[in-house]
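There are 2 protein chains.
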Amino acid sequence: MASHVSRLLLFVCLCALSTNGKAPEPQLSLDSLNPLVLETEYAVRGELLTRAAELETQLQAGTPPLPFAKTVRCNIGNPQALGQKPLSFPRQVLSLVMNPPVLSVMEASKVYPADVFARARKYIASVPSAGAYSESQGVTEVRKEVASFIEHRDQVRAASADVVDVDNIFLTDGASAAVKLAMQLMIRGKDDAILVPVPQYPIYSAVSTLYNGSMASYFLSEENSWSATIAELRRALREARDAGKNVRGLVIINPGNPTGQSMPAEDVKSLVRFCVSERLVLMADEVYQENIYGPAPPFFSARRAAIETGEKVQLMSFHSISKGFSGECGLRGGYLELYGISADVRAQLVKLASLTLCSNVPGQFATGLMVNPPSKGEASYPLYVEEKDAILSSLERRAGIIQKALNDLPGVTCNKAEGAMYLFPQLHLPEAAVAAANKAGKTPDTYYCLKLLEATGLVVVPGSGFGQKNGTYHFRTTFLPPEKDLDGVIILLGDFHRKFMEQYGGLSSKKVEL
Amino acid sequence: MASHVSRLLLFVCLCALSTNGKAPEPQLSLDSLNPLVLETEYAVRGELLTRAAELETQLQAGTPPLPFAKTVRCNIGNPQALGQKPLSFPRQVLSLVMNPPVLSVMEASKVYPADVFARARKYIASVPSAGAYSESQGVTEVRKEVASFIEHRDQVRAASADVVDVDNIFLTDGASAAVKLAMQLMIRGKDDAILVPVPQYPIYSAVSTLYNGSMASYFLSEENSWSATIAELRRALREARDAGKNVRGLVIINPGNPTGQSMPAEDVKSLVRFCVSERLVLMADEVYQENIYGPAPPFFSARRAAIETGEKVQLMSFHSISKGFSGECGLRGGYLELYGISADVRAQLVKLASLTLCSNVPGQFATGLMVNPPSKGEASYPLYVEEKDAILSSLERRAGIIQKALNDLPGVTCNKAEGAMYLFPQLHLPEAAVAAANKAGKTPDTYYCLKLLEATGLVVVPGSGFGQKNGTYHFRTTFLPPEKDLDGVIILLGDFHRKFMEQYGGLSSKKVEL
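Residue numbers (the numbering used here), protein chains in the order written: chain V, 59 to 572; chain H, 59 to 572.
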């Protein structure tokens, strides 16, 4: 009997332990995650954005009070979040593609110009439905439009060996998804390295960490409009190889992000030759190819450089609907083109893309609409040109205004933006500010950006998120706030900056020149 | 002089070698890819689909002639590719969201019911633009709709601890993207294993290979409506642990893919208890939750099982707009909900999601429209119900017709589809057919499916792509061809099958019973 009771008690205790006792450590905790995920850093949505979100919640709650009424997110190239209107033609077409039964009704009432209906009909006929999975690489009709775009842009001779094979085009959910695919295909482990510019857009460092690869840094020359030199590339390559790395690829960002330079044709050709002589896959991030301002070198693609040099480079190039004057970040569209890469390797990339079945089909059509806009003579052409010119000329003006304002600040120097959507000013911080940052456990640029955010609501990203030469401090800001708000932004920034410099004794020193 | 000439010759030779001579092995070749990519298999877009694409090209060219006029893709659940019409309400709303300036024009002319305009206005107001990046986890307004949907579905008591936190919801480009995120977060290397049902939808095996993890198989019981038993789970878990694996999670697919079973509530609860007692993260693929037919057990979510058992399980559940009666595969929308997972782990998942910035925003709205359809009393409600009922009842009829036809074939047995969109018949192949397959270097089921494709144009997927017990052979077919085409499909399949069996001496044997 005693034994029976004690067994019963034991049973009760075990039950209590399993349901009410101290729970065992859960399977998934911060200590037991994939460590590569933990290591991965992605500054454009990092600490500054987290803090901005906290402050936004505080603004909504109304308490505790803040010295500004709203945040202004200059942390990321997200033009429509800051008031840029979408182009009319692509959105009109997409509205019809989304609901084909309404097409004939709207055509009868002439709500849109005639070419809108024609394009919508073409896309509607190209797939069973926008709601059906497409082929893994994307809708063939759109890939043909991309192929024509590339051929026209790069002045490819008809029927030459350089015409674009639609099988080499992959439509993707934006360029970031394409970069992930490309890197996952190539990286085998820690001994594989990719040469990445510093400063860089952090998708490259993030993805090389996440896929357990290594990043080899080559420094852009701030003194020379953030250009890449072959000498520096050789140095970086030698250093990586000396460290036992198998350097597999070279990333170029042209026009530059965060640095804004536009590469002259001869530089792109030199990089192609360098890749061939060093057996590197060239990964060309060309998402800002339409964003070139004023007297800067015109955009010259890596593919065109390959053709004109006759070099048999292995090339992957990326484009996106998120940038340019399209700014359709939320629609997630873009493409990856392979060049000089064999069909058996391509088949592996198709398999990799097929794991998520296909990129979103409306985004694919949006990509077609970007690369194949209304032509001269078509009904939508005049408005298209007007909208395009207004966006690009405004971007150029805004870049100039902010760049000038930055250079007027004590202890700030800023290169001209030849392209893209960013300025990357250098902060010549007083020693006391560096010391205060160190004390707070922050890098000095992060410290500056956090203080800026907390004082003004302006969200910019510290240079350390992109990489910078040791001992230099920068931040990246988009020049996307609308022109009507620009004076306000500049005053906020200037007032904060002067106070910050004064606080740390930086106003007494002479303005530092690069 | 001689030395000068020889140096010149050397220079010419070197030039010839570098530009015209035998080129060095390119950096990126099949031998030098990420071996995990090479290993990854994804049958639903695998060999059968490649062959189907070749035959389609052949059909277009018209030569050499084929015994069929078109292929019928039953390889993947892609309803709109086989003629299913999108629901009207979501597409009407999306057409307005895509082009807000047209909203007032269309409202004035009453092109759509009033509730369409109201919903479109709500979504338009919820973001700066559909063309702006959203938060990494998705538009808050849509996440609130998802939260309400889950609470209503699972009968969560208001203000209880079980209400859904919108911060635990991630809007994704379909469920596959969500599965990739979840697996990448968890898998640290080969010693980490995930328990996956066999047969399974191959995203789980593919992704566990790609992320360098291991898959531990538990077999579903074909004899018992493809159910999962705790005894079999224990066996599989023990086997994996004995092999030194750290088993981190359990995947359940409910309703089953490719197997079509709907899990009774008690089974789901048992699985939750099993996960808690064995410290496993439960990954619940519930994308077919709206596809339950006839007298099958109603859908019972893993989250509801967690609530009703009171067990503190760590749960990730997946849903999608691609299935159900929505069938919006091409729009790429879905969600992942975390339950019982700590905020610091969640923050890492947010970071991982942020690498591609956000899922496509129209797909996010499509997700909102799925979980928050027109309500009773709203103008669009009657049509919505009519369309929904027509699709679901047709799916049920088609499932029944094909299942019966399959069971009528000699050497074929097929369980009822209680849910989802697939049938997974077992082929009891004659020895001679198995021998012929072996000789051709194919698995017997692949051999059968290739022959079926080449004879009829029907594209189905061999059971080996999903996993099956050794020595058994199956294929998966969707039941998505439209009812008007169904008789034709059944005749094609039956004629082929009888000829195949006859050819290999399978008609003389008695019908094999399970």
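I should point out that these hints are in silico values taken from the structure, not numbers from a laboratory. Among the clues, some could well be false.
It does not matter which identical chain is meant; a pair holds if it fits inside one copy or across any two.
Stated by the list, open to error - The list that follows gives simulated cross-link-like pairs (lysine to any residue, SDA-like), each with its CA atoms no further than 20 Å apart:
#1 Lys248 / Leu96
#2 Lys202 / Thr115
#3 Lys202 / Lys446
#4 Lys434 / Ala490
#5 Lys238 / Leu88
#6 Lys509 / Ala110
#7 Lys370 / Glu436
#8 Lys128 / Thr198
#9 Lys409 / Ala110
#10 Lys303 / Asp553
#11 Lys409 / Lys557
#12 Lys462 / Ile182
#13 Lys542 / Asp447
#14 Lys128 / Ala183
#15 Lys527 / Ala401
#16 Lys409 / Glu366
#17 Lys128 / Glu193
#18 Lys128 / Ala219
#19 Lys128 / Ala490
Hints versus structure:
1. Lys248 / Leu96: For Lys248 and Leu96, both the intra-copy (16 Å) and inter-copy (18 Å) Cα distances are at most 20 Å.
2. Lys202 / Thr115: Cα proximity of Lys202 and Thr115: across copies only (17 Å, versus 46 Å in one copy).
3. Lys202 / Lys446: neither (23 Å within a copy, 36 Å between copies)
4. Lys434 / Ala490: Close neither inside one copy (59 Å) nor across copies (66 Å); limit 20 Å.
5. Lys238 / Leu88: between (24 Å within a copy, 19 Å between copies)
6. Lys509 / Ala110: within (11 Å within a copy, 60 Å between copies)
7. Lys370 / Glu436: neither (39 Å within a copy, 62 Å between copies)
8. Lys128 / Thr198: between (44 Å within a copy, 18 Å between copies)
9. Lys409 / Ala110: Result: close only across copies, 16 Å inter versus 39 Å intra.
10. Lys303 / Asp553: The answer is neither: 47 Å in one copy and 59 Å across copies each exceed 20 Å.
11. Lys409 / Lys557: neither (56 Å within a copy, 33 Å between copies)
12. Lys462 / Ile182: Neither. Shortest intra-copy (48 Å) and inter-copy (36 Å) distances fail the 20 Å Cα cut-off.
13. Lys542 / Asp447: So Lys542 and Asp447 pass the 20 Å test inside one copy only (18 Å; across, 52 Å).
14. Lys128 / Ala183: For Lys128 and Ala183, only the inter-copy Cα distance (17 Å) is at most 20 Å; the intra-copy one is 45 Å.
15. Lys527 / Ala401: Neither. Shortest intra-copy (40 Å) and inter-copy (35 Å) distances fail the 20 Å Cα cut-off.
16. Lys409 / Glu366: neither (32 Å within a copy, 41 Å between copies)
17. Lys128 / Glu193: Between copies only: 17 Å across, 44 Å inside.
18. Lys128 / Ala219: neither (54 Å within a copy, 33 Å between copies)
19. Lys128 / Ala490: Neither, since 30 Å and 75 Å both go past 20 Å.
The structure fails hints 3, 4, 7, 10, 11, 12, 15, 16, 18, 19 (numbered hints given earlier, in ascending order).
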